[in-house]
Amino acid sequence: AQSVTQLGSHVSVSEGALVLLRCNYSSSVPPYLFWYVQYPNQGLQLLLKYTTGATLVKGINGFEAEFKKSETSFHLTKPSAHMSDAAEYFCAVSAVGNQFYFGTGTSLTVIP
Amino acid sequence: DTGVSQDPRHKITKRGQNVTFRCDPISEHNRLYWYRQTLGQGPEFLTYFQNEAQLEKSRLLSDRFSAERPKGSFSTLEIQRTEQGDSAMYLCASSTRDRYNEQFFGPGTRLTVL
Chain F
1015 AQSVTQLGSH VSVSEGALVL LRCNYSSSVP PYLFWYVQYP NQGLQLLLKY TTGATLVKGI
1075 NGFEAEFKKS ETSFHLTKPS AHMSDAAEYF CAVSAVGNQF YFGTGTSLTV IP
Chain W
203 DTGVSQDPRH KITKRGQNVT FRCDPISEHN RLYWYRQTLG QGPEFLTYFQ NEAQLEKSRL
263 LSDRFSAERP KGSFSTLEIQ RTEQGDSAMY LCASSTRDRY NEQFFGPGTR LTVL
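First to last, the sequence lines map onto chains F and W.
Going by our numbering, the first sequence opens with residue 1015, and the numbers climb by one from there.
Going by our numbering, the second sequence opens with residue 203, and the numbers climb by one from there.
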């Protein structure tokens, strides 16, 4: 079975500061891991994904995440927050199958 | 725009009424997924189709819910005898069979049951 835990339902950072959103997963098989962003009243947009290969994954809008098997983590980072980054972020896990299991989300606020 | 589209974007209905939502996937995508997202939660898987075949259903999909994809293109999700607990955002996503882990989401249909 797969599951995801996102630590911190709300995160606030100052504009220009480091963004760190935490995600820990549970999976009985090698996982595929994803980060999605959701703006108000919109669907989900894929930021980045890890399937196999390099454990440091770069995505859109300057975001990146590192798959750490020993820590069962897939934390999302961005060196410098921008006002446009304010949104809801979801971590998701999938096995070699079709179901995605999403975390409960982290709301990011960027303070000017 | 060649993304996933959903109609309507918003639906308000009274308890006990039936509602139907439509999803049009990206044209070359043969897999289509439905998710439900309640306030403060992440999306929860409901069901998915490969072409016209419904291959998997979540236990969340009660008898009042039915989904179809008759021609392997657009899909409909119908909820009969709506309840207040059905109020949620219903999201549709699509992918190709070979790249099923790249799911592209539509904007969702927000259902409010009064």
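What the hints contain is simulated information worked out from the structure, not anything from laboratory work.
A virtual CB, placed ideally from N, CA and C, is assigned to each residue, including glycine.
Treat the hints loosely; a few may be bogus.
Claimed, not checked - Some chain F residues near chain W, calculated using beta-carbon distances under 7 angstroms:
1) F1104
2) Q1113
3) G1119
4) T1123
To be verified - Here are a few chain W residues that sit away from chain F, every Cβ distance over 10 angstroms (derived from the structure):
5) T204
6) Q208
7) P210
8) R211
9) I214
10) Q219
11) R224
12) Q243
13) F247
14) N253
15) K273
16) G274
17) N303
18) Q305
19) R312
Stated by the list, open to error - Keeping only pairs whose Cα atoms sit at most 20 angstroms apart, straight-line, the calculated EDC-like set for lysine to aspartate or glutamate is:
20) W:K213 x W:E230
21) W:K273 x W:E246
22) W:K259 x W:D288
23) F:K1072 x W:E270
24) F:K1063 x W:D288
25) W:K259 x W:E246
26) W:K216 x W:E280
27) F:K1063 x W:E270
28) F:K1063 x F:E1078
29) F:K1063 x W:E280
Results of checking the hints against the structure:
1. F1104: Because about 5 angstroms separates F1104 of chain F from the closest Cβ in chain W, which is inside the 7 angstroms limit, the hint holds.
2. Q1113: holds, 5 angstroms
3. G1119: holds, 5 angstroms
4. T1123: Violated, because the Cβ-Cβ distance from T1123 of chain F to chain W comes to roughly 16 angstroms (cut-off 7 angstroms).
5. T204: Its Cβ never comes within 10 angstroms of chain F, the nearest being 14 angstroms, so this holds.
6. Q208: violated, 8 angstroms
7. P210: holds, 13 angstroms
8. R211: For R211 of chain W, whose nearest Cβ neighbour in chain F is about 8 angstroms away, the distance does not exceed 10 angstroms, so it is violated.
9. I214: Given a closest Cβ separation of 15 angstroms, the condition holds.
10. Q219: holds, 23 angstroms
11. R224: At roughly 15 angstroms from the nearest Cβ of chain F, R224 of chain W sits farther out than 10 angstroms, so the non-interface label holds.
12. Q243: Violated, since 6 angstroms does not exceed 10 angstroms.
13. F247: Since the minimum Cβ distance to chain F is about 5 angstroms, F247 of chain W lies within 10 angstroms and the statement is violated.
14. N253: holds, 14 angstroms
15. K273: holds, 21 angstroms
16. G274: holds, 16 angstroms
17. N303: violated, 5 angstroms
18. Q305: Violated, because the least Cβ-Cβ distance between Q305 of chain W and chain F comes to about 7 angstroms, which does not exceed 10 angstroms.
19. R312: Given a closest Cβ separation of 7 angstroms, the condition is violated.
20. W:K213 x W:E230: violated, 28 angstroms
21. W:K273 x W:E246: With a Cα-Cα distance of about 25 angstroms, the restraint between K273 of chain W and E246 of chain W is violated, given a limit of 20 angstroms.
22. W:K259 x W:D288: holds, 17 angstroms
23. F:K1072 x W:E270: The hint is violated at about 37 angstroms.
24. F:K1063 x W:D288: Violated, at roughly 31 angstroms.
25. W:K259 x W:E246: holds, 11 angstroms
26. W:K216 x W:E280: holds, 15 angstroms
27. F:K1063 x W:E270: violated, 29 angstroms
28. F:K1063 x F:E1078: At roughly 9 angstroms apart (the allowed maximum being 20 angstroms), E1078 of chain F and K1063 of chain F satisfy the hint.
29. F:K1063 x W:E280: With a Cα-Cα distance of about 32 angstroms, the restraint between K1063 of chain F and E280 of chain W is violated, given a limit of 20 angstroms.
Checked against the numbered hints above, the structure breaks hints 4, 6, 8, 12, 13, 17, 18, 19, 20, 21, 23, 24, 27, 29 and satisfies the rest.
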